[in-house]
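*Asks:* This is what each chain is made of:
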Amino acid sequence: MENPNFILTVEDLTVSFDGFKAVDGLSFYVEPNECRVIIGPNGAGKTTVLDLICGRTRATAGSIEFKGSELTRMREDQIVHAGVGRKFQTPSVYEDLTVFENLEISYPRGHTVFGALTFRRDGDVDARIREVAETIFLGDMLQERAAILSHGQKQWLEIGMLLIQDPQLMMLDEPVAGMSVAERKKTAELLNRIIQDRAVIVIEHDMGFVADIATRVTVMHQGKRLSEGSMAHVQADPKVVEVYLGH
Amino acid sequence: MTKTSFLKRDEAVGLVILALIIFVVFPVMLDDFRLNLFGKYLTYAFVAIGLVLCWGAGGILSLGQGVFFGLGGYCMAMFLKLEASTPEATAIQSTPGIPDFMDWNQISALPIWWQPFNSFAFTLVAIFVVPAAFAFVIGYAMFRRRVSGVYFAIITQAIAAIATILIVGQQGYTGGVNGITDLRTLMGWDIRPDGAKTTLYFVNGVLLFVCLLVAMAIRKSKFGRVLVAMRDAEDRVRFSGYDVASFKIFIFCVGAMMASVGGAMFTLQVGFMSPTIVGIVPSIEMVIFCAVGGRHSLMGAVYGALLVNWAKTTFSESFPELWLFGLGALFIAVVMAFPNGLAGLFDDYIKPRLRIGRAAPATTPQPAE
Numbered sequence: 001m002e003n004p005n006f007i008l009t010v011e012d013l014t015v016s017f018d019g020f021k022a023v024d025g026l027s028f029y030v031e032p033n034e035c036r037v038i039i040g041p042n043g044a045g046k047t048t049v050l051d052l053i054c055g056r057t058r059a060t061a062g063s064i065e066f067k068g069s070e071l072t073r074m075r076e077d078q079i080v081h082a083g084v085g086r087k088f089q090t091p092s093v094y095e096d097l098t099v100f101e102n103l104e105i106s107y108p109r110g111h112t113v114f115g116a117l118t119f120r121r122d123g124d125v126d127a128r129i130r131e132v133a134e135t136i137f138l139g140d141m142l143q144e145r146a147a148i149l150s151h152g153q154k155q156w157l158e159i160g161m162l163l164i165q166d167p168q169l170m171m172l173d174e175p176v177a178g179m180s181v182a183e184r185k186k187t188a189e190l191l192n193r194i195i196q197d198r199a200v201i202v203i204e205h206d207m208g209f210v211a212d213i214a215t216r217v218t219v220m221h222q223g224k225r226l227s228e229g230s231m232a233h234v235q236a237d238p239k240v241v242e243v244y245l246g247h
Numbered sequence: 001m002t003k004t005s006f007l008k009r010d011e012a013v014g015l016v017i018l019a020l021i022i023f024v025v026f027p028v029m030l031d032d033f034r035l036n037l038f039g040k041y042l043t044y045a046f047v048a049i050g051l052v053l054c055w056g057a058g059g060i061l062s063l064g065q066g067v068f069f070g071l072g073g074y075c076m077a078m079f080l081k082l083e084a085s086t087p088e089a090t091a092i093q094s095t096p097g098i099p100d101f102m103d104w105n106q107i108s109a110l111p112i113w114w115q116p117f118n119s120f121a122f123t124l125v126a127i128f129v130v131p132a133a134f135a136f137v138i139g140y141a142m143f144r145r146r147v148s149g150v151y152f153a154i155i156t157q158a159i160a161a162i163a164t165i166l167i168v169g170q171q172g173y174t175g176g177v178n179g180i181t182d183l184r185t186l187m188g189w190d191i192r193p194d195g196a197k198t199t200l201y202f203v204n205g206v207l208l209f210v211c212l213l214v215a216m217a218i219r220k221s222k223f224g225r226v227l228v229a230m231r232d233a234e235d236r237v238r239f240s241g242y243d244v245a246s247f248k249i250f251i252f253c254v255g256a257m258m259a260s261v262g263g264a265m266f267t268l269q270v271g272f273m274s275p276t277i278v279g280i281v282p283s284i285e286m287v288i289f290c291a292v293g294g295r296h297s298l299m300g301a302v303y304g305a306l307l308v309n310w311a312k313t314t315f316s317e318s319f320p321e322l323w324l325f326g327l328g329a330l331f332i333a334v335v336m337a338f339p340n341g342l343a344g345l346f347d348d349y350i351k352p353r354l355r356i357g358r359a360a361p362a363t364t365p366q367p368a369e
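Which chain is which? The protein sequence lines are A and B, in order.
Take the first sequence: its position 74, counted from the start at 1, is 74 in our numbering, and no numbers get skipped.
Take the second sequence: its position 311, counted from the start at 1, is 311 in our numbering, and no numbers get skipped.
Don't read these hints as lab results, they were simulated from the structure.
Glycine is no exception: its CB is placed at the ideal position from the N, C-alpha and C atoms.
A couple of the hints might just be wrong.
[To be verified] Label-pair restraints from in silico Cβ distances:
#1 A/P108 with B/D32: 56 to 64 Å
#2 A/T60 with B/P111: 44 to 52 Å
#3 A/P108 with B/F136: 21 to 29 Å
Let the sequences and hints guide you as you build the complete structure.
*Replies:* This is how it looks when you write it as structure tokens:
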């Protein structure tokens, strides 16, 4: 199934760990400006799908095509440069560096050994980092070490690190997990703003949050696609109610 | 944002103090014999600086830096040995004109891979290229396969053991367990008299400062911050679009070249090179110099190398059998009690006190809770 309107085409994707198929013949298609939410019970293979797309895990079979390039054969950093960004489930930031330096490392320039040695902090870099820091509510904490940030602030910082890369496909793994109610609300606003001009894949358990942001929802169960469609459609699907939403 | 100059004030003061110690205090206070000894200690500081970059900044612990120190040392020793082995000086050998240990091992012609070392220019290039190439091969094999942490440390240690066995076993080509000895002149300049040794001490000091400044420049660049980031969250760096392995390979090669320069200066100042300086024990000692000085501090590494070597000489003159226990105890003390070494102690206890009475910083040290 070839459709030039899809930015991401996942077909017959399978990965098996010692015979256990964590993802089993999964296919789905993402359009350029859509926000796709993947839901499903624990162990359904949701995080593994993101790992496969960003190159952290290698597929056993199947294909992942992003803007015409086959991602299953590319190195992680090449996938990033192709335009795919990934946020991890537990906040992953550089604790010994300042907020400014954290964002600077993700700034899309000087990513080779030589580039990093000769990288200069010019006005463009500075302005862009300040702009992103404002967006993620950390504008006045640029010189603080990331280690002192709260859990929610670290999540925002990591979202900011993705944002500064300006990826065309952004993947977020449980971006509001472990956040307070107030932080959660701010994060929902933040995500609603940054998902505008790009495709986004989000894994989330919070149904209120999912209903808020999703264009379409894919429900996974035991490595397979159980159901797909609008939020209302999957909520009404009896299979989904039985394995996931029902309890 | 504020424009920052290359050196912060603290660092500039630190460099000046270190320069005074190396270029003024030691030459004035020490006799020729002791000055040469301190010159030898300072050759280990090159290795320690490289380890601060690899281990302190990048989290790559190599227990095989002695190999790179040895490669530099052997390159220099091969050149000096060939210069010392003129046909006239070796007329009593069955094959005059080749190094004496080759003659003793029934080798009758200079091996092909020794021949380029007749050229000083080639030797100087080799001191950088040989260890860098070797480090590249090890780094490429390990880091591309994502070998890291303790596994990398163990493999480098094994390489140090293999290197020693190889050098000892190939006696005819390497001088075996005795090493390459009886070195005399460098381009016709006799390196044995006290005057020459003093000159070499100063050359060594200047090279050490060049090495320090290069290391500082790397640490202050974005490359340095990427190294720290890799230590904190390697996957995050990878998924921010960096090829982590190439960064590790590069810094490992830089550390190897620094160690190699130290080794070459060791050969010049001490007058020989042997496998006892390449193996596991010296390689681990080099890590201890770095740990005692403070693995995050470039200047701390220099002080660590000086202090531990000085202690080694002093104690092993009086209690030779106890020194190894002392060294072990020192390492345990550093790891358990002050993990950031001397530099950490300085930052925690001495620096806050120095600030009192100065106009600029308004902060006073807070009592510990």
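*Asks:* Determine for every hint whether it applies to the structure shown.
*Replies:* Hints versus structure:
1. A/P108 with B/D32: 56 to 64 Å: holds (57 Å)
2. A/T60 with B/P111: 44 to 52 Å: Roughly 51 Å apart at Cβ, these two residues keep to the hinted range, so it holds.
3. A/P108 with B/F136: 21 to 29 Å: This hint holds: roughly 28 Å between Cβ atoms.
No hint from the list above goes unmet by this structure.
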